[in-house]
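Just so you know, the protein sequences line up as chains U and Z, in that order.
One point on numbering: in the UniProt record's numbering, the residue at position 474 of the first sequence is 474, and numbering is uninterrupted.
One point on numbering: in the UniProt record's numbering, the residue at position 318 of the second sequence is 318, and numbering is uninterrupted.
Which copy is meant is left open, because identical chains are indistinguishable; a pair holds if it fits in one copy or across any two.
Derived DSSO-like pairs (lysine-lysine); straight-line CA-CA distance at most 30 Å:
(1) K96 to K449
(2) K102 to K482
(3) K464 to K449
(4) K339 to K159
(5) K447 to K159
(6) K280 to K256
(7) K28 to K479
(8) K339 to K256
(9) K134 to K449
(10) K44 to K28
(11) K134 to K86
(12) K163 to K339
(13) K479 to K96
(14) K449 to K86
The set of hints was computed from the structure by calculation and includes no laboratory data.
Protein chains: 2
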Amino acid sequence: MSLYCRNFSNLIAKRCFASSSKIPDLTKDRYPIQRGQYAELSDKDYAQFESILDKNRVLTGSDTQGHNIDWLRSVRGYSNVVLKPKTTEEVSEILKYCNSRKLAVCPQGGNTGLVGGSVPVFDEVVISLNSMNKIEYIDEYSGIVTCQAGAILENLESKVQEKGLCVPLDLGAKGSCHIGGNVSTNAGGLRLIRYGNLHGSVTGVEAVTATGQIMNLMSNFKKDNTGYHLKHLFIGSEGSLGIITRLSIQCPTASKAVNVSFLGLNSYDDVMNTFLMAKKELGEILSSVEMIDEVSLNCSNKVFNGQSPIDVFPFYMLIETSGSNQAHDEEKLNEFLRKAMESSLVIDGVTTNEPGKMRNIWLMRERIADSLINIEGYCFKYDISLPLTHFYEIVPATKERVGDLASFVCGYGHIGDSNLHLNVACKNFNQEIYKAIEPFVFEYTSKLKGSISAEHGIGFHKTKYLKYSKTPEAIAFMKQIKELMDPNGILNPYKVLPL
Amino acid sequence: MSLYCRNFSNLIAKRCFASSSKIPDLTKDRYPIQRGQYAELSDKDYAQFESILDKNRVLTGSDTQGHNIDWLRSVRGYSNVVLKPKTTEEVSEILKYCNSRKLAVCPQGGNTGLVGGSVPVFDEVVISLNSMNKIEYIDEYSGIVTCQAGAILENLESKVQEKGLCVPLDLGAKGSCHIGGNVSTNAGGLRLIRYGNLHGSVTGVEAVTATGQIMNLMSNFKKDNTGYHLKHLFIGSEGSLGIITRLSIQCPTASKAVNVSFLGLNSYDDVMNTFLMAKKELGEILSSVEMIDEVSLNCSNKVFNGQSPIDVFPFYMLIETSGSNQAHDEEKLNEFLRKAMESSLVIDGVTTNEPGKMRNIWLMRERIADSLINIEGYCFKYDISLPLTHFYEIVPATKERVGDLASFVCGYGHIGDSNLHLNVACKNFNQEIYKAIEPFVFEYTSKLKGSISAEHGIGFHKTKYLKYSKTPEAIAFMKQIKELMDPNGILNPYKVLPL
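With these hints in hand, go ahead and build the complete structure from the sequences.
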């Protein structure tokens, strides 16, 4: 079933990108940021790149444009060179050279990131992993898959499905995003509640450091206690400590049965308690628990002509189960729903295992993000983790704060992972709203000891907010690690760490 | 059900410890190792420790003996001081002082490690986490539990069970081991196949570095992408980069139903294919898959008067399911067994959900390790990860290599996690056997790109073998990290990294 949703959400992604085809301002003009003391590209550098790669894998001029603009069209660099290595050794040669020349570098996967981390800020040399897409080996016994970093998530999923496995990660952008980019950004997604995050699933990483050293930390075992677990430095550091070139990931058994329920609820407290009941009743078959507020669903259905299968409610939940026996899963799900309705937590709902219907339900949920970008003209988007007992309070609090300045404020997200997407929609980017909600949202999150970036990362956009989720000691330690691993600071500069 | 096994295995652990009550040689005498250039304790130092802690939390003289000897009685230090802080701030004060004085330090949890990592090698100051055992908070909605590092695993399990949760980690030593020690050593255990390793489950860590800095990396969220994921440096680095003082861990829903099958098989290939079939048929309810060879089971039953519920076979498997519905799980398990027997993979077997019977089956498995220590007099033990297609070959290969020198060679382990425990039993520690099997076992493992330490870690015993699972570049990088974080090298010296 999930294949339906996944494919469809890629269609949305492409549509949205096409709909906002305006080229954004250059980042250097839009944001108050200074170029670092890096060298500028000379003819000799191009010649050197062409000697490392074939000429046709050194893109210049207009061929670089797509690599300079992020998917959200929120930032634009002006790099004049995109390098497309095919091997780890080529990545190593490139970095060795760039480091010796003090040329800044921007590693790039599928360029689907949402925080401006995957494109150059100024004229950084782009190293695209597009051509490193080999799926090398699938061990059907252990479920371990080894591949190059540029393998597209959807292709990886198709390959492992042939062996009865699934990739423990599912994202809307799976038709474009690279597994290496996913690992570099510790991508989260829709089924983290079931399969955990990538720190648990990724068993090995091969990365090239800023100085060109190939760091082989590959392992095909979840149990491997041989020294420091260094691979985690590369998971989620967004390409600023090294470029991941290969990796191994453990893939669980694919589920034979999938069911989706779409529920209507009267209050956030009911949502929270329904989640608790779902965990207890559905246990091992729970694969997704999403919360959607009324405004979010309206927006999705209005923009994309969707139709809710149930009446209007202040809150909705999408609960997905997946398991190895359809009859068993249905029985559990029905029993859970019976209890939830009997105790008046859930007022109305539909349940289905028909692919078309499940797809339509998932579509309503997955279209929300795109609808919010399109409906009014501009949308301030926040991706935060909050304790469930205070999860939704930030939505009315933000609404009160912005008053009539915004068109509307809404919230939805992966309640199963304590991850809320808070949105403030308005006609245009507006300094008054901006000042009303930032740093308000981050301060609010920080007070609740939440995370100011749950799954999207820090990238370019959030460096100055890192302090709301990390102590000064932790940030200082991050800087020490950066200096140790990238003494010239050439790897993805202006990103992750505060300037 | 699992509670039965767990309690019982603690009894075994205590029995075994008591049975080999001989005090081992001092490590400095048994092994060719030089004391580092650390300061020696003076009266002023004792006074300082007493000023930081109460006098009764500074143990000296005979009170230190239990802290100087490891559980296996394989190593013995001669530290004359054991400090028992109650707070992170006290740990910080102690480390600040020790670092300024260049006093070497040995952090100690429950002292249940199997690689000599948890006791001093020479006269290191022992910092015992015994008195830091508060379970601070259980969030029943998210399942996140926050506690001090010295909380005993079994106590933590009891507490979370009250909320319908379980700790995603289960070890024989759970009655003594600390959750902080588990995290510091990235402990594996019996149910890793179901819940993954601690890099996935632990959401936050607070650690004190060698210089006394408190590094607050606490987080209550699986989705938290705010900068480098530094907590993983403390997970599995065996106390050599910092002392973990608090942590948060996500606990899944406890299972209501447990079933255990004990199966007899004719060959390792049948074991491997039965595992593959179990993964496909049992999917989400599979919670343990163990393999035991004939010699291992005989040994366990001989030493502990156990009785196998089935006939004699070259191989046995213990398969445990746990889920939320007893009838569903039994149906799945029966269907799996029917298929496995129809295809002649499994020749005989029993299945039970009766606590007493499950306990007896688990006991046969869990007693193996202790029986091997007791049966002959000495046992060379290896804890390795190997690809499943070559998993068992090392057992006959080692047997051939040692010939008549050893009493017997056997293998068992967590096949579900590719983790084999290889054992060579003999009358006494014997240089001839030792030379025959080391580095043979590690070279063999290395050729298959296996891990020379799957779940036990490197500790004191395996530092010189690290090179068989890690490249020179990776080891050099580990040393750089160690120098950065512990410039005077005071934290758990002589451990983890090669000297």
